[in-house]
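Peer 1: Sequence:
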Amino acid sequence: MMPTPDAFAGLRAWFEAALAQPTSNRQHWLAVHCTDAALRSRVEALLVQENQPSDGILDQIHAHFANADVQADAVLRPDWSGRVLGDYQLGPCIGEGGMSVVYRARARHGAPTSDVAVKVLRFGLHEADRQKAFQRERDALAKLDHPNIARLIDGGIAQGIPYPRY
Numbered sequence: 253m254m255p256t257p258d259a260f261a262g263l264r265a266w267f268e269a270a271l272a273q274p275t276s277n278r279q280h281w282l283a284v285h286c287t288d289a290a291l292r293s294r295v296e297a298l299l300v301q302e303n304q305p306s307d308g309i310l311d312q313i314h315a316h317f318a319n320a321d322v323q324a325d326a327v328l329r330p331d332w333s334g335r336v337l338g339d340y341q342l343g344p345c346i347g348e349g350g351m352s353v354v355y356r357a358r359a360r361h362g363a364p365t366s367d368v369a370v371k372v373l374r375f376g377l378h379e380a381d382r383q384k385a386f387q388r389e390r391d392a393l394a395k396l397d398h399p400n401i402a403r404l405i406d407g408g409i410a411q412g413i414p415y416p417r418y
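Its first residue numbered 253, the sequence shown is counted upward by one per residue in this note's numbering.
Rather than coming from a laboratory, the hints here were simulated on the basis of the structure. There could be a bad hint or two in this list.
[What the hints assert, rightly or not] Cβ-Cβ distance ranges computed for the label pairs, FRET-style:
| hint | residue 1 | residue 2 | range |
| --- | --- | --- | --- |
| 1 | E348 | A394 | 52 to 62 Å |
| 2 | A269 | A402 | 52 to 62 Å |
| 3 | N400 | A269 | 26 to 36 Å |
| 4 | L263 | M351 | 49 to 59 Å |
| 5 | P399 | G262 | 50 to 60 Å |
| 6 | S276 | G349 | 46 to 56 Å |
| 7 | A259 | D391 | 20 to 30 Å |
| 8 | E302 | D258 | 20 to 30 Å |
| 9 | A259 | M351 | 11 to 21 Å |
| 10 | E268 | K395 | 15 to 25 Å |
| 11 | H285 | I346 | 26 to 36 Å |
Note that the Cβ used here is the ideal one computed from N, Cα and C, for glycine as well.
Given these sequences and hints, build the entire structure.
Peer 2: Quick look at the structure:
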């Protein structure tokens with residue numbers, strides 16, 4: 253029979269309490285304080301496992317995923333600084349969120365020379381459903397008019413990348 257969540261919580265509490273004892277006193281402490289023989293046996297088994305040397309597999313797994321995160325960041329968060337997107341020359345990154353990166357940008361031709369913000373969807377987020385969510389955000393921002401909210405100037409799709417310009 254599978255132990256209940258309460259039983260797991262109790263086992264964990266006893267295990268943590270035993271771990272708090274000096275190593276040399278754990279067995280005696282359990283014998284005195286934990287009168288349930290089955291529970292005490294489980295706690296003792298956990299304590300034995302706790303003291304076993306690790307084969308390093310968890311460290312290897314952690315290192316693998318940490319490296320994968322770095323590689324994924326390089327793919328999912330490419331640096332677009334200096335690139336041209338539509339009519340805009342992108343400058344440095346000025347912010348980022350869950351689905352996009354915001355760059356300072358300047359119009360390349362015939363537009364005022366003031367800086368604007370261009371929001372670029374992250375790589376891999378260009379599927380139709382993500383583009384629809386991005387379009388909904390753009391449409392909502394176009395309706396807002398407040399001095400503390402960036403005003404949507406325009407937007408489009410360039411090189412298959414949807415972007416709004418603020």
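Peer 1: Is 52 to 62 Å a correct range for the gap between the Cβ atoms of E348 and A394?
Peer 2: Given range 52 to 62 Å: violated, Cβ gap about 22 Å.
Peer 1: Against the range 20 to 30 Å, how does the distance between the Cβ atoms of E302 and D258 compare: consistent or not?
Peer 2: 22 Å, holds
Peer 1: Would you say the C-beta atoms of L263 and M351 sit inside 49 to 59 Å of each other?
Peer 2: This hint is violated: roughly 41 Å between Cβ atoms.
Peer 1: Lying within 26 to 36 Å: is that true of the beta-carbon distance N400 to A269?
Peer 2: 52 Å, violated
Peer 1: Note whether the CB distance of S276 and G349 lies within 46 to 56 Å or breaks it.
Peer 2: 53 Å, holds
Peer 1: Lying within 50 to 60 Å: is that true of the beta-carbon distance P399 to G262?
Peer 2: 57 Å, holds
Peer 1: Does the Cβ distance between A259 and D391 fall inside 20 to 30 Å?
Peer 2: 52 Å, violated
Peer 1: For the range 11 to 21 Å, tell me whether the beta carbons of A259 and M351 fit it or not.
Peer 2: Check failed, 42 Å falls outside 11 to 21 Å.
Peer 1: Is 26 to 36 Å right for how far apart the beta carbons of H285 and I346 are?
Peer 2: 58 Å, violated
Peer 1: At the C-beta level, are A269 and A402 separated by a distance inside 52 to 62 Å?
Peer 2: Given about 54 Å between the Cβ atoms, the range holds.
Peer 1: Would you say the C-beta atoms of E268 and K395 sit inside 15 to 25 Å of each other?
Peer 2: 54 Å, violated
In summary, the numbered hints that this structure violates are 1, 3, 4, 7, 9, 10, 11.
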